[in-house]
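*Asks:* Protein chains in written order, with this note's numbering: chain X, 3 to 584; chain W, 51 to 438.
Simulated from the structure, these hints should not be mistaken for laboratory data.
We treat Cβ as the ideally placed atom computed from N, Cα and C, and that holds for glycine.
A portion of the hints provided could be inaccurate.
Derived DEER-like restraints, expressed as beta-carbon distance ranges [claimed, not checked]:
1. W:Gly95 with X:Gly98: 38 to 48 Å
2. X:Phe32 with W:Asp287: 53 to 63 Å
3. W:Val263 with X:Phe484: 20 to 30 Å
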Amino acid sequence: MKYTEKEVHVPLCAVSTTSSLVNKTGTWKFAQPLFVDRVSPCNQQCPAGEDITGFMYLASQGSYEDAWRLIMEENPFPAIMGRLCFHTCEEQCNRGEHDDPVSIHMVERFIGDYGLANGLKVEIPDQDRKERVAIMGAGPGGLTTAYHLRRMGYGVSLFESKEKPGGMMRYGIPAYRLPKDILDGEMSRLYEMGVEFKMGTAVGKDITWQSLDNQFQAVFIALGAWEEAGLMIEGITKKGIFHALEFLAEINLGKEPEIGKRIIVIGGGNSAVDCARASRRLGAEVTIVYRRGEAEMPAHTEEIEMAREEGIQFLFLASPTAVYGEEIVTGVKLEKMALGEMDASGRRRPVPTGETSDIDCDGMIIAIGEATRVGDLPPFISHRGGVVDTDRMGQTTHAGFFAGGDIIDIPHTVTHAIGSGKRAAVAIDRFVKGIKGEEDSPDLSRWGDSGNVSLARLKGSSLFARRNPSLEVIDYGDMNAFYFDYRPGIKTKKIPVDERLNGFQEVTEAFSEEEAISEARRCFNCGSCTECGNCYIFCPENSIKRDPDGYGYVADMEYCKGCGICVNECPRGAMKMTFLEY
Amino acid sequence: MRKVLTGNQAVAYGAMLSDVQVVAAYPITPQTTIIEELADMQAEGLVDLDYIRVESEHSAMAACIGASMGGVRAFTATCGQGLFLMHEMLHYATGARTPIVLANVNRAAAAPWSIYSDQTDSVSQRETGWIQLYCEGNQEVLDTTIMAFKIAEGVRLPAMVILDAFFLSHTSEPIDIPDTEAVRGFLPPYDPGDLWLDPDNPRTFGSICMTDVYMEFRWQIQRDMERAKQVINEVQDEFGRLFGRNYRQVEGYQSDDADIVMVVSGTVASTGRDAIDYLRAKGERVGMVKLKTLRPFPREEIMAALRGKKKVAVIDRNFSPGATGVWAQELRSALYDLPEDERPIIYGYIAGLGGRDISVKALEGIYEKTRASDRPDDIDMWIGVNYV
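Generate coordinates for the entire structure from the input sequences, incorporating the hints supplied.
*Replies:* Now the structure itself:
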């Protein structure tokens, strides 16, 4: 057969004589991808400003020590945090929209316990700075500031009126939530780091504010909220009536407070639940009396749940109006309440109805709130009813004086106190060095606009590499969740109720290594590149390459035609498209 | 070794014996058991292949094209709607000169929905540049699968092995399975020459061609499709020598002295053999020609086989609306070039669509209708249709 006289000189199929590198498809683009590290909602939410995304990734890889060190960049107490923190991070977890939120606190607890069990130590600079900082109060806020300042090389003197450090963590929290050996283990690192502890030293009595101002380059005040709100009702001075902190302090010092076996706890916060659960462990029948409904209780749901499991009764919409008894309390007169309009806290206000009833008891604990002892504050700083005025970083109205913890306007939790201590350490460092610039403001190192400052971000290096960090927070809709399977979270296990009531042993059981790693692997690592390689695999122009100098990938703009497939296929939303202007 | 195998298992054995290296497929009845069988074979370590799960037949063919351009032997299987979805990529496979083998289990087109056999799916791919090899029985299915690789690689064009849904795909027959080493001797590993995606010699394949060379590429496809007629015969001859089973693109059955010849394809051929025996016993001078290849169409062979016959009854288990059955079209086109006095009259019959049985009795009826009239009533005649 003949179709032509001449042989045609083309190959069998269309093929170039050189590689496609001659085709600079980059000229086509009107948009280009950007590798941008976004902030996960958990990181933004964390009051302590931990890099949860990062430590979960390191834990998922079995790098427990690195995970511990990454937490220690931001928070000196991972083993305490994993137990005490009410983990609002998990409420924000993007995985919650997928199946179950990741059990962040249980992984953190595992990592914290790993650090304690292996005696991991934190490095401090060889050479101390000459400046010294005084810290007033050895609660979570003061201890955190001391820790970060020591790591920056400052000399730190920590003044505390009590005998041992820890503040509320030691005197307010019962051992079934935080075992004392865990607390002591975490505290001991601060001694090893060379913090000068001046215990049993009360400011105003043993030392004056003026002398501190003279001797130290900066002062951090974290005196806490130890002033207990009282009930102004008839018969309140009878025996068998305690205030919450006074009661919990005795428990935590291993004493048995002189209280009866049928106890009424007044209040609806976490302290009320702590008092009730501790009393139950002393063998008492306990009823919590709260003036609003269950939905309005400030106590954490999980705590209420465990209290109920332990046989604690709840009486809602009731407020005490008188205490019965000769010398010792024998009963309380209660007035029935109704819920009225919303108050400033966004909860419905309790309104008295005039209807009363009596309840028998032989002990009563008042847990209706704590405040700062106003008289302990330095007279030269501004405050409103004991709530000290500070800027976002903790600077008070008096230069060189900083404040944090329960005396400033933040929620009264250990985690918030730790977060305030970190901010103050940054602010003190800047104050001592005289740095004022807007450009290197610590706000740029926050986890999102409303998140806490991250010291790793401020330093610009981290055990979990972050590229081109931004303040943008990533939500579930911005990710390609198609790449994540559905796997329910591991439920935490609690010891049986009869064992719990036998003493003060820890209620929540630890995760095994297998459980911790499995849970850490459930983390989406939202907004962070984990080098999964999807961008590299999907790029039709082979323009995405491994970053030759470091972590992750780079896009070669000579060939990137701006199609956006890489951004679409990034499971974690660690890339975005930017439009070019011509 | 002899085994009782369904047609679909026969395909899988053929692919396994051909040492296929990549399978990318998407399940669809009645094909699914082919790729299931291959997955089992891979799991059991009987064959060393990469199995690519894909989200559609379009992707299956795209993955096969990629694999074949990577220089390895690629295989897929589909049917009916799956083949229709693949259509775009079928053209591409030809233009990219990727000698992929695809087993198509003939399934009728929707709507209305049907999983039963007719050839509409494969004949609809007539213009894609794929070699099409139709099979009569399960032994032929297995043998053709092996031969298909050798033919496709010989002309660097893709090939389809075609078997009837259920009549073959799900029906068991005793099959002779050739020896693995003997098959390796017959079918050496695929050699892509220098036209493959070689990471050490990066080049762009299939990018845009301007008007100055596009026709030349297409001309080469036609040149090699024509050459395929010869290659198919050579491969069939070699296979016959080595394994003792002979196949032809155009196979006559008692047709040499016949006045009337029925032209059939696929499983109708096996029913046809019985019908011819029955009619011959009654003294009728009737024969049959079985066509194995639709593309390349064996024009010269068919002209030789039917030259001088009085009447030819073409049985199409397919239909091109607005025209006629596809085999009848092809025959009319080929036989028109015979001298007028040697040119048979063509009777086109449409039968067995959507899996309806084409029985010996139906073929007898077709023969009677052809014999009884001087000219066909119509350009095509529908058999067994209950007109409303």
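*Asks:* So, for every hint listed, does it hold in this structure?
*Replies:* Results for each hint:
no.: 1; hint: W:Gly95 with X:Gly98: 38 to 48 Å; result: holds (43 Å)
no.: 2; hint: X:Phe32 with W:Asp287: 53 to 63 Å; result: holds (60 Å)
no.: 3; hint: W:Val263 with X:Phe484: 20 to 30 Å; result: violated (41 Å)
Hint 3 from the list above is the single one not met by this structure.
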